[in-house]
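Novice: So the protein sequences, as listed, match chains A and B.
Under numbering that gives the first Met the number 0, residue 223 is the last one in the first sequence; the count climbs by one each step, no gaps.
Under numbering that gives the first Met the number 0, residue 223 is the last one in the second sequence; the count climbs by one each step, no gaps.
By construction, these hints were calculated from the structure, which means they are not laboratory data.
All C-beta atoms, glycine included, are put in the ideal place defined by N, C-alpha and C.
One or more of the hints may lead you astray.
[Stated by the list, open to error] Covered, in the sense of this in silico footprint (three residues per stretch, anywhere, with C-beta under 8 Å from a C-beta of chain A), are these stretches of chain B: (1) 11–22; (2) 67–75; (3) 117–124; (4) 171–177.
[Claimed, not checked] To list a few chain B residues with every Cβ distance to chain A over 12 Å, as calculated: (5) E31; (6) S147; (7) W182; (8) P210.
2 protein chains.
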Amino acid sequence: MSDTRTLFHFPLDPASRQVRLALGEKRLAFTEQAVRYWERPAELVALNPSGLTPVMVEGDLVLCESRAILDHLEETYPEPPLLGREASERAEARRLLQWFDRKFDYEVGGFLLHEKMEKRLLGLGAPDLASLRQGREALRSHLVYIESLIGQRDWLAGQRLSMADFAAAAHLSVIDYFGDVPWNDFTGVKTWYMKLKSRPAFRPLLADRWPGLAPAPHYDDLDF
Amino acid sequence: MSDTRTLFHFPLDPASRQVRLALGEKRLAFTEQAVRYWERPAELVALNPSGLTPVMVEGDLVLCESRAILDHLEETYPEPPLLGREASERAEARRLLQWFDRKFDYEVGGFLLHEKMEKRLLGLGAPDLASLRQGREALRSHLVYIESLIGQRDWLAGQRLSMADFAAAAHLSVIDYFGDVPWNDFTGVKTWYMKLKSRPAFRPLLADRWPGLAPAPHYDDLDF
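Isolated chain A, as found in the complex (with noise of 0.2 Å):
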């Protein structure tokens, strides 16, 4: 399908993150060009006009932002499937993508990555408190709300492993490098977030390290 497959990605960035795990779950070689998309780097606009990450390029074929990138997986490389196989299984799957990409991105992460990331790579100072105190408060809602699935089915969005939880554990597991997730008060997500830990598709996210940013201690433990 192709000769060449280069991942233009920052470890940090839940969007990119899910891109790295399917890749890794569907047994893809790539070479990974990390990127300070905050600097907007020419190489990377001129592949992408928002600027953002994840941008896969694959032969001839440039491919922006995570869910184009996800989609042209699926559909090109479809053993294992990553979006079920029932419309009804692609259907809450996709779903939960929307969940996690919009509303846990902007409820959760909007707050807890922009105070305690953003503010650090950019330079503009110390986190707030009331902004950490509202993302801390909306996160506990979400763990509450994948508690709840978690302890009807065995993946978030059914009976098979999925995008869905792909991106709930990325966009988890970034918090989860400045030591924000209380995992004790949520065992059934936090058993389930060992099950992800500890695939092979999980452990260069647990490898990463970004200069000035350390994670917590428990971050690449898989008995945490």
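Given the structure of chain A, go ahead and fit chain B onto it with the hints provided.
Specialist: This is chain B only, laid out in the frame that chain A set:
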């Protein structure tokens, strides 16, 4: 495939409009049910935990959020194709879906529709003039970008009409309802929008009226 198809939508919601355009273009009949999503009606929340529109029920299948519905329609009723036939066409259409649903929505709709529509629906008082100005400035940047794409191509994502056109038109059409699109400064965009506006699928959108929110006089005029 299904005995019945019902779309729960809000007429002035850009995400709902994308689905209505896709259903119209694919000539799929549906019953529509307009919902006041901000009041969190029980029937809607029971179908979609996010409480957002659009939700489509097709036989036994519940599809929540625009992208899940659009992907389902494309998979189940592939003619006419609205995401392109080639991988590169699909990548470009999907890049632009993200552009409008995320970037445009955040930078333009988040200001203009919040100030002019949501504040009215929720009884939150008069529009904030600085926010309106910020939204209008961002809108001009986006129109410059759309104009540049239209200058190189027949349609937004390439040589064929696609969901990218419907996404852009869905977002712009709601802003146009409130009279905020400076069409005469962007003649390429205006011609492109005129072509879309003339399609049968667009007609129901031009007939939309919401109590207490009157549209701009040119809103449903095909020769605006």
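Novice: Confirm or reject each hint.
Specialist: Right, here's what the structure says about each hint:
Restraint check on the stretch 11–22 of chain B versus chain A: 0 residues with Cβ-Cβ distances below 8 Å, three needed, restraint violated. Coverage of the stretch 67–75 of chain B by chain A holds. Counting CB-CB distances below 8 Å, 5 residues qualify, and the rule asks for three or more. Requiring three or more residues with a Cβ within less than 8 Å of a Cβ of chain A, the coverage given for the stretch 117–124 of chain B is violated, as only 0 such residues are present. Three residues within the 8 Å Cβ limit are the bar, and the stretch 171–177 of chain B against chain A gives 0, so the coverage statement is violated.
The non-interface label for B/E31 is consistent with chain A: the shortest C-beta to C-beta separation is roughly 19 Å, beyond 12 Å. With a closest Cβ-Cβ approach of about 9 Å to chain A, B/S147 is found to fall inside the 12 Å limit, against its non-interface label. Listed as outside the interface, B/W182 is consistent with that label: its C-beta sits roughly 23 Å from the nearest C-beta of chain A, beyond the 12 Å cut-off. Every CB of chain A is more than 12 Å from the CB of B/P210 (nearest about 28 Å), matching its label as outside the interface.
When held up to the earlier numbered hints, the structure conflicts with 1, 3, 4 and 6 and fits the remainder.
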